[in-house]
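Number of protein chains: 2
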Amino acid sequence: MGEIGLVDSDGAKLDAALTRIARDVDAVFDAMLPIPDDTRAPLVEAMRYAAMNGGKRVRPLLLVTTAEMLGVGRDPALRAACAVESIHVYSLIHDDLPCMDDDDLRRGKPTTHRRFNEATAVLAGDSLHALAFEILTAGETTSDPFTQAELVRCLATASGMSGMAGGQMMDMVAESSSYDLREITRLQQLKTGALLAASVEMGAILARVPPEGRTSLRAYARDIGLAFQIADDLLDATGDEVAAGKALRKDDEQGKQTFVTLMGVEGARNQAEALINQAVGHLAPFGQDAAVLRALARYIVERDR
Amino acid sequence: MGEIGLVDSDGAKLDAALTRIARDVDAVFDAMLPIPDDTRAPLVEAMRYAAMNGGKRVRPLLLVTTAEMLGVGRDPALRAACAVESIHVYSLIHDDLPCMDDDDLRRGKPTTHRRFNEATAVLAGDSLHALAFEILTAGETTSDPFTQAELVRCLATASGMSGMAGGQMMDMVAESSSYDLREITRLQQLKTGALLAASVEMGAILARVPPEGRTSLRAYARDIGLAFQIADDLLDATGDEVAAGKALRKDDEQGKQTFVTLMGVEGARNQAEALINQAVGHLAPFGQDAAVLRALARYIVERDR
Numbered sequence: 001m002g003e004i005g006l007v008d009s010d011g012a013k014l015d016a017a018l019t020r021i022a023r024d025v026d027a028v029f030d031a032m033l034p035i036p037d038d039t040r041a042p043l044v045e046a047m048r049y050a051a052m053n054g055g056k057r058v059r060p061l062l063l064v065t066t067a068e069m070l071g072v073g074r075d076p077a078l079r080a081a082c083a084v085e086s087i088h089v090y091s092l093i094h095d096d097l098p099c100m101d102d103d104d105l106r107r108g109k110p111t112t113h114r115r116f117n118e119a120t121a122v123l124a125g126d127s128l129h130a131l132a133f134e135i136l137t138a139g140e141t142t143s144d145p146f147t148q149a150e151l152v153r154c155l156a157t158a159s160g161m162s163g164m165a166g167g168q169m170m171d172m173v174a175e176s177s178s179y180d181l182r183e184i185t186r187l188q189q190l191k192t193g194a195l196l197a198a199s200v201e202m203g204a205i206l207a208r209v210p211p212e213g214r215t216s217l218r219a220y221a222r223d224i225g226l227a228f229q230i231a232d233d234l235l236d237a238t239g240d241e242v243a244a245g246k247a248l249r250k251d252d253e254q255g256k257q258t259f260v261t262l263m264g265v266e267g268a269r270n271q272a273e274a275l276i277n278q279a280v281g282h283l284a285p286f287g288q289d290a291a292v293l294r295a296l297a298r299y300i301v302e303r304d305r
Numbered sequence: 001m002g003e004i005g006l007v008d009s010d011g012a013k014l015d016a017a018l019t020r021i022a023r024d025v026d027a028v029f030d031a032m033l034p035i036p037d038d039t040r041a042p043l044v045e046a047m048r049y050a051a052m053n054g055g056k057r058v059r060p061l062l063l064v065t066t067a068e069m070l071g072v073g074r075d076p077a078l079r080a081a082c083a084v085e086s087i088h089v090y091s092l093i094h095d096d097l098p099c100m101d102d103d104d105l106r107r108g109k110p111t112t113h114r115r116f117n118e119a120t121a122v123l124a125g126d127s128l129h130a131l132a133f134e135i136l137t138a139g140e141t142t143s144d145p146f147t148q149a150e151l152v153r154c155l156a157t158a159s160g161m162s163g164m165a166g167g168q169m170m171d172m173v174a175e176s177s178s179y180d181l182r183e184i185t186r187l188q189q190l191k192t193g194a195l196l197a198a199s200v201e202m203g204a205i206l207a208r209v210p211p212e213g214r215t216s217l218r219a220y221a222r223d224i225g226l227a228f229q230i231a232d233d234l235l236d237a238t239g240d241e242v243a244a245g246k247a248l249r250k251d252d253e254q255g256k257q258t259f260v261t262l263m264g265v266e267g268a269r270n271q272a273e274a275l276i277n278q279a280v281g282h283l284a285p286f287g288q289d290a291a292v293l294r295a296l297a298r299y300i301v302e303r304d305r
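Heads up: the protein sequence lines correspond to chains A and B, in order. Start counting the first sequence at 1; every next residue gets the next number (the working numbering). Start counting the second sequence at 1; every next residue gets the next number (the working numbering).
Among the clues, some could well be false.
Claimed, not checked - Lysine to aspartate or glutamate pairs mimicking DMTMM-like chemistry, simulated, CA-CA at most 20 Å apart: (1) B/Lys56 to B/Asp30; (2) B/Lys56 to B/Glu266; (3) B/Lys256 to A/Asp38; (4) A/Lys256 to B/Asp38; (5) A/Lys13 to A/Asp236; (6) A/Lys13 to A/Glu68.
Think of the hints as simulated: they come from the structure by calculation, not from any bench. No experiment lies behind these values; they were computed from the predicted model shown.
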């Protein structure tokens, strides 16, 4: 997807932002998750193992970048970002379970249930799920209860049956259903798009931007969310397992409909590019301040893992 | 435990309250969980199956009774009660999974993963978990963001690693650890006590009682929470499987330390009675208004399921 290309200065800003967010997210989780001096220790070790596992931190970067662009301080934004990442990480732990995708590797390391055991993995996921909402209602994130409640509402809706978990269910029955492009799009908007969109929206909520002021940011998030999933399908179909750090070609083995099976490799690439260009267009009102969000949109479709 | 006995009029009030809360909780879940017209249908069917499964509704009754005693309307209290019950039900679904307790029966019916499948059960639990926080930040529960945020904070803390999930982890390693009475007490305060205490506290939060005004209600909740677990251990050791609707004698089979193994049947019974008397004492400031809370405390140790 070289045609999209990164403006060099934006790309350099993105590289720096990715390095910094990875370090910062790990530091926040490290501080939030001290190992307790009792038999809960394996639970917290599993939470740390899963949460501090070298992810790309796309969602935290979206949230922190949006929030900083709108004038929010980095520390509260980072805490809210770790709430979103807690939800993302819990979903990865549960998705990897033997009864779900039965994955042994995640980011090149044993999955949580392989490293610990299944029961601990289920509980670590559940605990990270609760942690997200503990974080969002803590005074260190924001002292404004209106903002706390709005953050919780946004994240809970994006992660439950009307969001991520609902999309995951649609994905589970995908093997026995023959989804068309409209249905696959809806599935992915729930499964991946909802949490990515919530990341951007929560940045705006922290900045106390009212709902009507979030329209262009929501449109940006919706477009990159879909492009993100198309890129994932392309990665599964054409990517390199070593670079990706996980098993690929699973969609094909499972006979699943994806953007690639429905549109072909070239069609899917073109669609992802069109979506990214459209997403970048939505950032026009923010001018130079949106450099990292622009670069992040492009990174999403160019990444190899 | 006949010595505690129920004052007849309190007992009649409790019977009526238990019947009514069971009907009301089902009605709220029924309205909240319409089956969607897409492939998420099995997810919502599993959520309904687990949530509308004839539970005792002890937590909802604690919350609604406390809230009504303090002047809160029944409808908002019922919604908050369904948030707590969503957390309780998700924990039952996950606890029953093959990798956890591997239970086939729950309330006399197949457990969720037996009726559906494991993956759907994991997701239904996760979705009920998120639903709890969606409910608490919805305007129909309370329009006051301060109350919304406080409800979320209370429930998230009670359910995560410092509460229910943490206690569940301690319980999982109980077979290989030899806990003493202090450690078993701590385990149960987290595993069961935290959510029961949150139920009472959330009733007071809805009534906008400030933290310092909740001391006696918290003490009541702490005592009945511990008594509840002692009663559970007694039920496991001496109860009737048909009446209980689930497999019993599991603690003994697994060689686990419980209140009964540590204190003996008589010692455990005496301790439960003492705790209930102490709990009822904490309700003195509320006089006749606390009739149902008093009766509920006694019911907790006298129930057979």
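Hint by hint, here is what the structure shows:
A hinted pair counts as satisfied when its Cα atoms are at most 20 Å apart, and lysine 56 of chain B with aspartate 30 of chain B qualifies at roughly 17 Å. For a cut-off of 20 Å, the pair hint linking lysine 56 of chain B to glutamate 266 of chain B is broken: about 26 Å separates their Cα positions. About 17 Å separates the Cα atoms of lysine 256 of chain B and aspartate 38 of chain A, which keeps this hinted pair within 20 Å; it holds. A distance of roughly 17 Å separates the Cα atoms of lysine 256 of chain A and aspartate 38 of chain B; the hinted pair therefore holds under the 20 Å criterion.
For the hint linking lysine 13 of chain A to aspartate 236 of chain A, the alpha-carbon distance of about 28 Å lies beyond 20 Å, and the restraint is violated. Between lysine 13 of chain A and glutamate 68 of chain A the alpha-carbon distance is near 14 Å, which keeps this suggested pair within the 20 Å criterion.
Hints 2 and 5, counting from the list given before, are not met by this structure.
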